[in-house]
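S.K.: Which chain is which? The protein sequence lines are A and B, in order. For the first sequence, our numbering gives the first residue as 3, with consecutive numbering after it. For the second sequence, our numbering gives the first residue as 61, with consecutive numbering after it.
Everything labelled a hint here was simulated from the structure, so no lab data went into it. Please note that a few of the clues may not be correct.
Said to hold, decoys possible - For lysine-lysine, the following BS3-like pairs were computed, each having C-alpha atoms within a straight-line distance of at most 27 Å:
1. K15(A) - K182(A)
2. K148(B) - K352(A)
3. K137(B) - K29(A)
What the hints assert, rightly or not - For each label pair, taking beta carbons as the anchor points, the in silico distance ranges come out as:
4. D55(A) - S178(B): 42 to 48 Å
5. D55(A) - V79(B): 32 to 38 Å
6. A313(A) - D129(B): 31 to 37 Å
7. A142(A) - D129(B): 51 to 57 Å
8. A181(A) - G66(B): 58 to 64 Å
9. V79(B) - Y97(A): 46 to 52 Å
10. E318(A) - G66(B): 44 to 50 Å
11. E159(B) - F269(A): 29 to 35 Å
12. D147(B) - F269(A): 34 to 40 Å
13. N82(B) - G329(A): 33 to 39 Å
14. E159(B) - L224(A): 31 to 37 Å
Said to hold, decoys possible - Interface residues of chain B toward chain A, partial, derived using beta-carbon atoms under 10 Å:
15. G98
16. D99
17. P106
18. E122
19. K125
20. A127
21. Y131
22. L177
The beta carbon of each residue, even a glycine, is placed where N, CA and C say it ideally should be.
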Amino acid sequence: MAVFPPGWVLMTKQTVFNATHRALGAKMVDFGGWDMPIHYGSQIDEHHQVRRDAGMFDVSHMTVLDMHGDKVRPFLRLLVANSVDKLTKSGKALYSAMLDDSGGVVDDLIIYYLREDFFRVVVNAATRDKDVAWITGKAAPFGIDIKERRDLAMVAVQGPNARDKVLGLLSPDAAARVAKLGKFVAADADGLFVARTGYTGEDGFEIMVPETQAVEFWNRLLAAGVKPAGLGARDTLRLEAGMALYGQDMDESVSPLEAGLSWTVTFDEGRDFTGRAALEAQKSVGAPRQMIGLVLDEKGVLRHGQAVFTAAGEGEILSGTFSPTLGKAIALARVPAGETGAVEVDIRGKRLPVRVVRYPFVRDGAAQAGV
Amino acid sequence: MSEIPGDLKFLKSHEWARVEDNGQVTVGISDHAQGLLGDLVYVELPEVGDTVTTGGAVAVVESVKAASDVYSPVSGKVVAVNAALADKPETINEDAYGEGWILVVQPDDMEQMNELLSPDDYAELIEGEDH
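Next comes chain A alone, as it looks inside the complex (with noise of 0.2 Å):
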């Protein structure tokens, strides 16, 4: 039994559309202490929904922190693997894990470039005590004010329709601003800030919107077809679109060269940011595991915690599930570095073959070559 101090209240959060998610049907569920919609009827509906026309889903939960400062550049050089020095164009964003001394992924991020003395960071939910406190902390040297920003709600709009309901919903100047912005951009449009960013695979938005104007901005999207889904059907469409979720695809205990985000490390000259030295130490050997994508032909799920057999040895499924694009299922695994062979995993006891694949499995609508 938990002991809690006096005065401690054990309570859920709720986002501004808690009433909303309700009204609609929606199944809710705790995730990382928030009460959100894990359907409103059936996942598979909604991630089809998302795949072929647009949905939305309330990613409010999601912690946005504003940084303003002379000093906010040097010290996201210092704090994150990726390197800022990409963001050059007001708007503009960047993925990076954020790593400890020996190279661990604290959490997993995106960046926005706003102006010199103004960066918006938004990192996970589920991780937004320990993130803060890290965040602050190496901040406290460099002078750097920073704003969590629980004013804001956030909507994801995603789909191959996505980008027209939403621009159909702002004045004709917004809308055209928006309509031109590239992919991983945002801007401020009607009181809005819309970033062609996602978690899905799919084009779209997602949006910040102050509180005060979220539930109407909602009814808003609802009313011009995009329908609501909840956080089973991201998850599907996350995994298909081979994407990691922090705390099951990776941690502190993987380095982002063995949880397949390589892509996102930059060593740049002189850039000494937290963990490099343990990179570089662990590139110059080699990682000693790799993730790998898998899928399974037969019948069967392919789920968290199985073991996964290789030529190099044992590893196991990160996240696993069965793809609705695909009809199969399909997972992200951490196995030894090295040549797989062929590969088995033990679903129940039973030993199944499954086939070791490059994702993302499914762009844009789509399964890729070879899945």
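Here the structure of chain A is known, so what remains is to put chain B in place on it, guided by the hints.
M.R.: Same frame as chain A, but now just chain B:
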């Protein structure tokens, strides 16, 4: 929550059993159980002729979210399985007490049925789970 048919009996683990006119027992999972599992994607069925025992695993239902054993409410022999579930597992989501039946057992002893929960007792049980 859909109405629970009055001619069903239940296990606490959410399987239902119905005695047919010929003395055989049809088995499925409850509407409540399919709701907890979410969209079903696979059903692993036993073979006709298999021997099953009360409380023993007889089938597996697998949803996007989780795999779950289905336990037999009675001991006996499997006399039929719902092969249509192989292609359409979602039938259980749509009609748990009807088209979504899983198997039929020829029970060794009909007395076993008296050990199972009545619809009212089962309704009370799941009420408690929902707080």
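S.K.: Quick check on a hinted range of 46 to 52 Å for V79(B) and Y97(A), using CB atoms only.
M.R.: Distance hint for V79(B), Y97(A) is violated at roughly 59 Å.
S.K.: Regarding D55(A) and S178(B), is the given constraint of 42 to 48 Å on their beta-carbon distance met?
M.R.: holds (45 Å)
S.K.: Can we keep the D99(B) interface hint, with Cβ of chain A closer than 10 Å?
M.R.: For D99(B), the interface hint holds, since the closest Cβ of chain A sits about 4 Å away, which is under 10 Å.
S.K.: Any CB of chain A closer than 10 Å to the CB of Y131(B)?
M.R.: Since chain A brings no Cβ nearer than about 15 Å to Y131(B), farther than 10 Å, the hint is violated.
S.K.: Close enough to count: is the Cβ of E122(B) nearer than 10 Å to one in chain A?
M.R.: Result: holds, 5 Å to nearest chain A Cβ.
S.K.: So, as I understand it, the hint says A127(B) touches chain A; can you test that by seeing if any CB pair is closer than 10 Å?
M.R.: Interface hint status for A127(B): holds (7 Å vs cutoff 10 Å).
S.K.: Given the proposed pairing of K148(B) with K352(A), does the C-alpha separation stay at or below 27 Å?
M.R.: holds (24 Å)
S.K.: Are L177(B) and chain A close enough, Cβ to Cβ, to be under 10 Å, as the hint says?
M.R.: Violated. Min distance 24 Å.
S.K.: Hint says 33 to 39 Å; check whether the CB-CB distance for N82(B) and G329(A) agrees.
M.R.: Hint holds: Cβ distance 37 Å, inside 33 to 39 Å.
S.K.: Starting from the range 31 to 37 Å, see whether the pair E159(B) and L224(A) falls in it by beta-carbon distance.
M.R.: 32 Å Cβ-Cβ, so the 31 to 37 Å window holds.
S.K.: Does the beta carbon distance between E318(A) and G66(B) stay inside 44 to 50 Å, or does it fall outside?
M.R.: holds (47 Å)
S.K.: Holds or violated: the hint that P106(B) contacts chain A, with Cβ atoms closer than 10 Å.
M.R.: Violated - the Cβ of P106(B) stays beyond 10 Å from chain A, reaching only about 15 Å at its closest.
Comparing the model with each earlier hint shows violations of hints 1, 3, 5, 9, 11, 12, 17, 21 and 22; every other hint is respected.
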